[in-house]
Amino acid sequence: MRYKILTVDDSKTVRIIVKKAFKAFDCEIIEAANGVEGLAAASKEAPDLILLDITMPVMDGVEMLTKVKSDPALKQIPVIMLTAEGGRDNVLKIAKIGVRDYIVKPFKEEVLVEKAGRIIDLKPLSDGPTKAKSIFDPATLLVVEDKPAIIQQIQEGLKHTPWKIHGVNTTGEAIDFCSKNVPDLIIISLSLPEEAAFTLFRLIRQNVKTKYTPIFALVVKTEVAAQQQAQQVGFSYIVTKPLEISDLESKIAKAMNLDTSQRYFAVDGDVFVMRLPENTTQTVVGEVTNYLKPKVSEAVDSGIVKAVIDLHELKGLNMAVIKLLIQAMQTCKDLALQYTLVGNPQIVSECKGFEDTRNWHFHESIVDAKASFGKAQPAGVA
Amino acid sequence: MPTIDQISETVFRETITRAVQDVFKTMLGRTAALANSTEVATADGSPWEHPVQISGQHVVGTVGFIGDISGLIYLYLEDGFANVVASHMLGMTLEEIDEAGHEVVNDAVGELTNMTVGTFKNQLADKGFPCKLTIPSILRGSNFSIEPVSSATRRIYRFQVGDHHIVADLLMKSGDNGS
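So the protein sequences, as listed, match chains S and Y. Residue 1603 in my numbering sits at position 381 of the first sequence; the count goes up by one each step and never skips. Residue 463 in my numbering sits at position 35 of the second sequence; the count goes up by one each step and never skips.
Hints are not guaranteed to be accurate.
To be verified - Covered stretches of chain Y (in silico footprint by chain S; criterion: 3 or more residues with CB under 8 Å from a CB of chain S, positions within the stretch not fixed):
#	region
1	433-441
2	535-548
3	551-565
4	584-593
Said to hold, decoys possible - Derived SDA-like pairs (lysine to any residue); straight-line CA-CA distance at most 20 Å:
#	chain 1	residue 1	chain 2	residue 2
5	S	K1315	Y	K560
6	S	K1315	Y	Q551
7	S	K1476	S	V1461
8	S	K1245	Y	E524
9	S	K1242	Y	E437
10	S	K1315	Y	K555
11	S	K1241	Y	T454
12	S	K1330	Y	V512
13	S	K1330	Y	K555
14	S	K1234	Y	K555
15	S	K1242	Y	G457
16	S	K1402	Y	K555
17	S	K1245	Y	R458
18	S	K1242	Y	H516
19	S	K1234	Y	D526
20	S	K1315	Y	G556
21	Y	K560	S	Y1324
Note that these hints are calculated values from the structure, not bench results. Ideal Cβ positions, reconstructed from N, Cα and C, are used throughout, including at glycine.
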């Protein structure tokens, strides 16, 4: 739902600042320069929130507020006063007419957004499905953990990614970090003293900027009660210690809704390449399986008729990998793609040991594989 | 009825300093330091020697306050600095500000003055001198002087903001004297 915010201020500057403040959120800003225009806009647009100045020509904010609150059609609209008119007595008098909040100018845009976010469910604007962030884009991850060794382990384990891992030891440092930066993902250790992890979780969720940031719980595998509690309060994922870094990486990518297909699929000249990494875990198999058909179809759709299945980095075979490879070959066949395989001696040797794979023929490199197109198809592949 | 005589010079200085510093810090992320201040006695009919040295183009914002004490505060900004202020407040480049013209800069300076005077008078209100703000207005020009009506007191405060000066010119009279 796209929220409507009506800003009523005779200063164009303030109206521009308000627009700027909410630019990153999914909401529409409607402007009015005085109380009369404000009332007309409120009736016409039925805004979800009104930001109202006091000192204005034609009709001031107090008169407009009084009229809004006495109109059955408008009185439910929450109003935040945004005005240079402060002073205790003044604020109390206006609060009695019925305002949800009061911001005295000068004001920081963050304060305005935070207070508005307490009234309406502000959602950050997403880039949309066509601009989905990829696994190769930079991102900021915050790890809140009182054991430096774990932070270091995560930083080391994910150093091949473009992600910047910022580690802090306390909730105070975490809040301070979040006030200056908006992390793309937060990992909180449940071992922080006095249930601090859960308090921090609530604070992060209350902040409009981090309301939708994925939050992972980090917990020792055997601490089942803490895991259940984390699930109940709404942590995005539970990650257990000892850490399985590749599993953590996959969960992070999934939680941030990253396109990871580029890790496994590419177009090299006029050839479509599917590559399996050294450690093709069950999670990787799952990811590749999901991308397989759409990616092959996309390649065929763009005019490509040749494919290479590249296993030269793969360390070993297992049933899940074999099933995936068979599925990949079948997909190529279904779409009339010529395909061939690239493998290392280990994989070539292991393939000899399985009935389904013993006839697979491998090239030693992508160059060889590409050169083979146009010649006779390798036995057992086409 | 309280009068401005009950407010010491120190309170005026601290109040306007806090107001200017608060506004510049919050809205522009800049530090304003009080460079000097001048108290000018009530005008007595003798020729007014203008204490604000104006040279070059200036944009001057004015906002009044009316109540138990009444007055006007003028905020003097050099023309170029006014553009910088508008650029920062509006999130526009200086080129965009140039293209947008005086109206946009005037509005930004008006709002800056409104916030400054608001912060100033809200502090006085909390000290027992309630008053209300008026709508900002803007003057542009060079080599001009502003002369207060008789019976008003005048105080001049000069602030340093980076390489720029701004001047706050306070003209006040007790509310029971009218405004």
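We went through each hint and held it up to the structure:
{"no.": "1", "hint": "433-441", "in the structure": "violated (count 0)"}
{"no.": "2", "hint": "535-548", "in the structure": "holds (count 9)"}
{"no.": "3", "hint": "551-565", "in the structure": "holds (count 8)"}
{"no.": "4", "hint": "584-593", "in the structure": "violated (count 0)"}
{"no.": "5", "hint": "S:K1315 x Y:K560", "in the structure": "holds, 13 Å"}
{"no.": "6", "hint": "S:K1315 x Y:Q551", "in the structure": "holds, 17 Å"}
{"no.": "7", "hint": "S:K1476 x S:V1461", "in the structure": "holds, 13 Å"}
{"no.": "8", "hint": "S:K1245 x Y:E524", "in the structure": "holds, 19 Å"}
{"no.": "9", "hint": "S:K1242 x Y:E437", "in the structure": "violated, 39 Å"}
{"no.": "10", "hint": "S:K1315 x Y:K555", "in the structure": "holds, 17 Å"}
{"no.": "11", "hint": "S:K1241 x Y:T454", "in the structure": "holds, 17 Å"}
{"no.": "12", "hint": "S:K1330 x Y:V512", "in the structure": "holds, 18 Å"}
{"no.": "13", "hint": "S:K1330 x Y:K555", "in the structure": "violated, 25 Å"}
{"no.": "14", "hint": "S:K1234 x Y:K555", "in the structure": "violated, 32 Å"}
{"no.": "15", "hint": "S:K1242 x Y:G457", "in the structure": "holds, 16 Å"}
{"no.": "16", "hint": "S:K1402 x Y:K555", "in the structure": "violated, 35 Å"}
{"no.": "17", "hint": "S:K1245 x Y:R458", "in the structure": "violated, 24 Å"}
{"no.": "18", "hint": "S:K1242 x Y:H516", "in the structure": "holds, 12 Å"}
{"no.": "19", "hint": "S:K1234 x Y:D526", "in the structure": "holds, 17 Å"}
{"no.": "20", "hint": "S:K1315 x Y:G556", "in the structure": "holds, 16 Å"}
{"no.": "21", "hint": "Y:K560 x S:Y1324", "in the structure": "holds, 17 Å"}
Comparing the model with each numbered hint stated earlier shows that hints 1, 4, 9, 13, 14, 16 and 17 do not hold.
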